[in-house]
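Asks: These are the residues of each chain, in order.
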Amino acid sequence: MTGGPDDETRRTQVYIWTALFNLFLALAGIGLMLWIFIADRGVREDIARRRAEQTACARRVITAPQPMLVDPTEAAPPQDRPREGYFGKQGTEIRAALRLSFEALRGKSSVPVLEKLRLGSPEVLPEKTIHVVNLWATWCEPCRDEMPDFKAMFARRAADWGAQVRFLPIQVKDESEPGKAYSDIERIMPAAPVKLADRALGNPLTTLLESDTDRTLFKGGLPVTLLLDCNRRVRWGAFKQLNSGSLVDLERVVDQLRAELEDTSPGSWCTQSWPGNGRCEDGENTPAGHVLEDCGELKRRPQDPAVAPVAEVVPVECPEGSEATPDGRCKRKLRGNLGAATGTPPAQSATCGNGACDGGETRETCCDDCPCDALLVCKAAGDGHKRCMVKGLRGG
Amino acid sequence: MNLKVARLFVLFTGFLALCSVGAAALLGLRLRTDRAVWHELQRSDTCAQGEVERKGDAP
Numbered sequence: 001m002t003g004g005p006d007d008e009t010r011r012t013q014v015y016i017w018t019a020l021f022n023l024f025l026a027l028a029g030i031g032l033m034l035w036i037f038i039a040d041r042g043v044r045e046d047i048a049r050r051r052a053e054q055t056a057c058a059r060r061v062i063t064a065p066q067p068m069l070v071d072p073t074e075a076a077p078p079q080d081r082p083r084e085g086y087f088g089k090q091g092t093e094i095r096a097a098l099r100l101s102f103e104a105l106r107g108k109s110s111v112p113v114l115e116k117l118r119l120g121s122p123e124v125l126p127e128k129t130i131h132v133v134n135l136w137a138t139w140c141e142p143c144r145d146e147m148p149d150f151k152a153m154f155a156r157r158a159a160d161w162g163a164q165v166r167f168l169p170i171q172v173k174d175e176s177e178p179g180k181a182y183s184d185i186e187r188i189m190p191a192a193p194v195k196l197a198d199r200a201l202g203n204p205l206t207t208l209l210e211s212d213t214d215r216t217l218f219k220g221g222l223p224v225t226l227l228l229d230c231n232r233r234v235r236w237g238a239f240k241q242l243n244s245g246s247l248v249d250l251e252r253v254v255d256q257l258r259a260e261l262e263d264t265s266p267g268s269w270c271t272q273s274w275p276g277n278g279r280c281e282d283g284e285n286t287p288a289g290h291v292l293e294d295c296g297e298l299k300r301r302p303q304d305p306a307v308a309p310v311a312e313v314v315p316v317e318c319p320e321g322s323e324a325t326p327d328g329r330c331k332r333k334l335r336g337n338l339g340a341a342t343g344t345p346p347a348q349s350a351t352c353g354n355g356a357c358d359g360g361e362t363r364e365t366c367c368d369d370c371p372c373d374a375l376l377v378c379k380a381a382g383d384g385h386k387r388c389m390v391k392g393l394r395g396g
Numbered sequence: 397m398n399l400k401v402a403r404l405f406v407l408f409t410g411f412l413a414l415c416s417v418g419a420a421a422l423l424g425l426r427l428r429t430d431r432a433v434w435h436e437l438q439r440s441d442t443c444a445q446g447e448v449e450r451k452g453d454a455p
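Chains W and Z are the protein sequences, given in the same order. Okay, so the first sequence: first residue is 1 according to the working numbering, each after it adds one. Okay, so the second sequence: first residue is 397 according to the working numbering, each after it adds one.
Keep in mind the hints are simulated off the structure, nothing from the lab. There's no promise every hint is true.
What the hints assert, rightly or not - These stretches of chain Z come out as covered by chain W in the derived footprint (C-beta under 8 Å, 3 or more residues):
id : stretch
1  : 409 to 416
2  : 429 to 438
What the hints assert, rightly or not - Computed spacing ranges between beta-carbons, pair by pair:
id : chain 1 : residue 1 : chain 2 : residue 2 : range
3  : Z       : Gly418    : W       : Ala191    : 36 to 44 Å
4  : W       : Ala39     : Z       : Gly418    : 14 to 22 Å
5  : Z       : Cys415    : W       : Ala191    : 41 to 49 Å
6  : W       : Arg156    : Z       : Cys415    : 53 to 61 Å
To be verified - To be clear about the criterion: a stretch of chain W counts as covered by chain Z if any three or more of its residues have a C-beta under 8 Å from a C-beta of chain Z, and this derived list gives those stretches:
id : stretch
7  : 22 to 32
8  : 36 to 43
Positions of the beta carbon are idealized from the N, C-alpha and C atoms, including for glycine.
Modelling step: build the complete structure from the supplied sequences, incorporating the hints.
Replies: Set out below in structure tokens:
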């Protein structure tokens, strides 16, 4: 049974609709392809740039097996003893803690990129910034409870604080996966460009902060809030959950520190120069006066001259059994006997064959007693004398 | 348009769709690999291995 003209028209229409759908699919595929191609090109450019940066920066000139810690040449201002609330005008420094590296999450934790960053690195504690550092853990209920207060405070002051005041959460004494921990708390926490987690064995950060009995910055409990000034000194601290009074106090001290930050007159607090203040100043990025916590690991800058390669030592005289090559190297002679080359075999010693390499005997005069060089064996040459020769080579 | 031309049109556009979707998938895989490399590079704070130079003990 064959279809009529109506059937053919219907089938043609089905084909046309299918073709249109295919065309739409093809266009969508091409669009997707273009988008991916452009995105990939951007990523490839970033990779190339990063590799170029690594190559340019790369020649570290650390002269010690460990990163160098040089005794400071400039004296740092004296420190205050930490206590609840305001610490005083000099603050307490945390230089040792700045050298520690932590797991770090940058940006939104919904796309977690876990990397290792030093607490003192400019990505974590940039200069000319006030930092509200908060030590917390997922198991710590008061830590979670105070987060919305921080968020409200930062939201309220966002207009005048701007990028001058940053929130830095550090997950401590907690084995939870940082990506998960931060994504769980993110909606109640102030925006933080970098989030850290100290999951290393022995809790190095809290151990270090509580180890100094004179200037204890960790008293065993969480949460802990530390306010760092422009010199990375702790100027305010709270060792329990913040209440409304302490939040007002914190806000007041932040404003005071901002005022210090904006004072750029010579000799003002935020322009003073000393190791450990977070600013990589003159001489601190040199092998002699290197300050790790301010300048990071010492690296050769791209404009510095490259280190001259050590000159190859060319021997003046070659040892016995070898000869000099035109490029100044010594090459082992594979023919064991110099005499054979000149056609005058050396006279054999009278004591040759007694099993001992006596005085006056050499491997040339008596290879039976004096062992040949490696790769050579003692065998009879064509003139009846035994000589050191390459294994398998016929004498003569 | 007669039936034969419509059939050819379907075959041609079908092939085109298959090719473009396939190419997009391959490019997507390449993008994923490149992003993984980028993240790996981001993670390495230090300079590249082999260029590290140590010169003995500290002065």
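Asks: All hints are to be evaluated individually against the structure, with a verdict given for each.
Replies: Results of checking the hints against the structure:
1. 409 to 416: Contact hint for the stretch 409 to 416 of chain Z vs chain W: holds, 6 residues under 8 Å.
2. 429 to 438: Coverage by chain W holds for the stretch 429 to 438 of chain Z (7 residues, Cβ < 8 Å).
3. Z:Gly418 with W:Ala191: 36 to 44 Å: holds, 42 Å
4. W:Ala39 with Z:Gly418: 14 to 22 Å: holds, 18 Å
5. Z:Cys415 with W:Ala191: 41 to 49 Å: holds, 45 Å
6. W:Arg156 with Z:Cys415: 53 to 61 Å: holds, 56 Å
7. 22 to 32: That given contact holds, which follows from 9 residues of the stretch 22 to 32 of chain W lying within Cβ reach (below 8 Å) of chain Z.
8. 36 to 43: Held - the stretch 36 to 43 of chain W has 5 residues with a Cβ nearer than 8 Å to chain Z, which meets the minimum of three.
Checked against the numbered hints above, the structure violates none of them.
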